[in-house]
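Student: Here's the letter readout for the chains.
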Amino acid sequence: MTSAQDPSVVLDERGRPCPAPVLALARWALGAEPGSLVAVLTDDPAAEADIPAWCRMRGAEHLEARDEPNEPGVRRHVVRVGAARDGASGAGPGVPQKR
Amino acid sequence: MALLQAARTAVAEVLGCRGDEVWFCSSGQEAARLATHGARAFPASEVGVVAGAVERMDILDAISPGIELPPRSASPWIGPDHLVLLPVDSVGRIDPEDLVEVLETRPASPVVIQQANSEVGTIQPVERIAAICADYGVPWIMDAVGPLGYMPVAGGWSVLIADGRPVGAPPIGVLAVRSGSAWVWPESAPTIPGCAPGFSDVPSAVALATALHAHHGHLAATEQHLRDLSERLRSGVVESVPDVAVHGDSVTRLPQAVTFSCLYVDAEAVVRALDQFAIQVGSGSACAARSGQPSHVLAAMGALTHGNVRVSLPVECPDAWVDRLLDVLPGEVAALRAEAGVQGL
Numbered sequence: 001m002t003s004a005q006d007p008s009v010v011l012d013e014r015g016r017p018c019p020a021p022v023l024a025l026a027r028w029a030l031g032a033e034p035g036s037l038v039a040v041l042t043d044d045p046a047a048e049a050d051i052p053a054w055c056r057m058r059g060a061e062h063l064e065a066r067d068e069p070n071e072p073g074v075r076r077h078v079v080r081v082g083a084a085r086d087g088a089s090g091a092g093p094g095v096p097q098k099r
Numbered sequence: 001m002a003l004l005q006a007a008r009t010a011v012a013e014v015l016g017c018r019g020d021e022v023w024f025c026s027s028g029q030e031a032a033r034l035a036t037h038g039a040r041a042f043p044a045s046e047v048g049v050v051a052g053a054v055e056r057m058d059i060l061d062a063i064s065p066g067i068e069l070p071p072r073s074a075s076p077w078i079g080p081d082h083l084v085l086l087p088v089d090s091v092g093r094i095d096p097e098d099l100v101e102v103l104e105t106r107p108a109s110p111v112v113i114q115q116a117n118s119e120v121g122t123i124q125p126v127e128r129i130a131a132i133c134a135d136y137g138v139p140w141i142m143d144a145v146g147p148l149g150y151m152p153v154a155g156g157w158s159v160l161i162a163d164g165r166p167v168g169a170p171p172i173g174v175l176a177v178r179s180g181s182a183w184v185w186p187e188s189a190p191t192i193p194g195c196a197p198g199f200s201d202v203p204s205a206v207a208l209a210t211a212l213h214a215h216h217g218h219l220a221a222t223e224q225h226l227r228d229l230s231e232r233l234r235s236g237v238v239e240s241v242p243d244v245a246v247h248g249d250s251v252t253r254l255p256q257a258v259t260f261s262c263l264y265v266d267a268e269a270v271v272r273a274l275d276q277f278a279i280q281v282g283s284g285s286a287c288a289a290r291s292g293q294p295s296h297v298l299a300a301m302g303a304l305t306h307g308n309v310r311v312s313l314p315v316e317c318p319d320a321w322v323d324r325l326l327d328v329l330p331g332e333v334a335a336l337r338a339e340a341g342v343q344g345l
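If you're matching them up, the sequences are chains A and B in order. The first sequence runs 1 to 99 under my numbering. The second sequence runs 1 to 345 under my numbering.
By construction, these hints were calculated from the structure, which means they are not laboratory data. Treat the hints with care, as some may be off.
[As the list claims (entries may be wrong)] Chain A is nowhere near these chain B residues, computed Cβ spacing over 12 angstroms in every case:
1) Gly48
2) Trp77
3) Gly79
4) Thr105
5) Ile192
6) His215
7) Glu223
8) Leu304
9) Pro314
10) Ala320
11) Gly331
[Stated by the list, open to error] Residues from chain B shown here face chain A by an in silico Cβ test under 10 angstroms; the list is partial:
12) Ala74
13) Arg128
14) Ser261
15) Val265
Idealized CB from N, CA, C, for every residue including glycine.
If we strip away everything but chain B, and leave its shape as in the complex, we get (with noise of 0.2 angstroms):
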């Protein structure tokens, strides 16, 4: 059908692959058990996964499905269902040398790193892990979730996992596998090409590629602007709070995800506040999630998790969302404070 194999082509442009290595499929998570489980598949693939402890759960439940992740660790560990982690350092980055490590033993491992995580912004050391792939010979999994629609999507992956939210489309999935990768489909081959097994919904696809299209064609526009209005968050926050922790490398990251804790505040009480100025902020804080835990990507960094604000900037961000948040955030976070007695904690 043509207008599928146009939207193809469009998603193929955005990721830096053919249409043909372009797939859609249900939703971001099919696309992650997709990836996870066709290269798992493949014949010559070690049962094994490598992946970034700071990768996002929808991922880690598709190689594990309930893991329990452990307390942070310097080392990587090895989990169920052959899953080994690697660690990473304070601003959520994993060491290239821990792969390598990893590697040695496990030399047929697929291997699954974000380019950037998309709760504290920090961009993974792309080019290295594209490089370390190649050598071993086995595919990298990159979850490109967080750059989409923002920035320019790195090269060097095998296999690519992505899906509409970012650009505002509806929220199905897309895979990309290049060809001559150790992938394959780990159940039914594909009838329709360009849709995944048990996916027809063609219309999606098709607004899907139009907005990336259309978010492509100014995308250096959007990352230059968010950055800027992203910088000015980070900074605003750092020099307006008192005790307040903000996560992720402050340079190589995404444009538009800023985090930040805020010492002895509850989480969920400074949501809310925000909220009655129609700030609309998320939280990694375990107050603040239905499950009770807190943020993964934050406990697997060593950073406070409690009083955390998550923000993730729309690409028309406008600059006056940010002037009020930075102007309400201080005295929210004061009264709370107050509140709690904690002065000269």
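Isolated chain A, as found in the complex (with noise of 0.2 angstroms):
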């Protein structure tokens, strides 16, 4: 297994409960370029699912995610931006349909 780089740029979304930890990823997605990393620390349970979910939406790549060492609940997830989004996006039951 190979672990991800370590992302200069880390979005602090302790104590912020969902969806806000996956709104803040992906306004800073926004801006960034595509192949960037980042790395997003949340409590939140449900990033869990919904930050790797919101990767799949997007395009991105779901690196990693690891328990934030001496932060008891706190997990640290890496993600790679992908490529500009062109509104095209995989059909398929539970993947979103965009307009």
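From the two separate chains plus the hints, produce the assembled complex.
Tutor: Here it is as structure tokens:
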């Protein structure tokens, strides 16, 4: 298993409940260069499922999720954002359909 | 008592078993407890239990009290109390080959897999599960809460769990155990035929049997009506709400369950907004749950959990209810997203 580079950008979403962590990730991704790395620190239980789900919906890569050392209940997710959105997304059950 | 025995017979007809195999108990939770503990108590059984990751929490909790479920995994997960969880795919379905893989190493383990998932509706591969359990000679404990009253209950199970809530009956539990199953009463034996130990509410048992029998009489029509309605709801949501994920298998599913998640929307806010239009819905999102945890079913599927709206259409759902929801939902979601400033995200 390879470990992801440590991103220089860290979004600290500790203490913020869903959907705040995903929103913060999405806002950051909007202005980011394709291929950029970002880490999200969160204690939101929904983020465990939602950050990977957002990555799938927005063509980003969920590289890693691990416990943050010395911070019980806090997880660090590392994401690599994808190319700019062009409005086309894969169709299929459970996958959002964009207009 | 004749009424009680008639109630057993009526329920047995719906479940596809014999009257003397049907037992009433105090609640669905108690039925789950008796089912799982009884299988474990059978002398030749493995101490372990194999269950699907998307079983109802009542059932997982009966097997392993206070269980903390792991993050989504592609392989079987070995948890406390000798519970092995089978993973599910993105629509919430278990892979029968995973069941075989686990039983190869734990051949006498009772198996706990639902006929269908009540949240997302996905029907499990019941024929394969029945065949595999028969091959290994292990009891299949099947949760029938999802299909009961809405579609035919599957066959091939050894032990069945149900309760009265889906058919508007008293919320007492039903436990059915086919004779010859690797199952025993986990504590004391019953003293009244048809009543689990500690249960004596015969009027509720009769009420449940009556309601089930009535529903069974027009099951095919109910199923068709709700399938059409839920199909209209599923496709309507996809067509009218951007960035929405409708969960579960779109075809092989329960007729009444529809659940979808709206990206970037706070679930509590959308549930409240719909409530203002007298549209009551549930939610599987963390913020809407007393526990603060998102639906373990959605999490196990890798599905988006925030902004989740959960609908379970009642047996006699008027078409107008779905029309109203489809009318109101897009505007409310758009308003919430505008408020949160998510354009372009």
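Student: Are the hints correct? Go through all of them and say.
Tutor: Results of checking the hints against the structure:
no., hint, verdict
1, Gly48, "26 angstroms, holds"
2, Trp77, "14 angstroms, holds"
3, Gly79, "17 angstroms, holds"
4, Thr105, "25 angstroms, holds"
5, Ile192, "44 angstroms, holds"
6, His215, "29 angstroms, holds"
7, Glu223, "21 angstroms, holds"
8, Leu304, "4 angstroms, violated"
9, Pro314, "25 angstroms, holds"
10, Ala320, "25 angstroms, holds"
11, Gly331, "15 angstroms, holds"
12, Ala74, "13 angstroms, violated"
13, Arg128, "20 angstroms, violated"
14, Ser261, "8 angstroms, holds"
15, Val265, "7 angstroms, holds"
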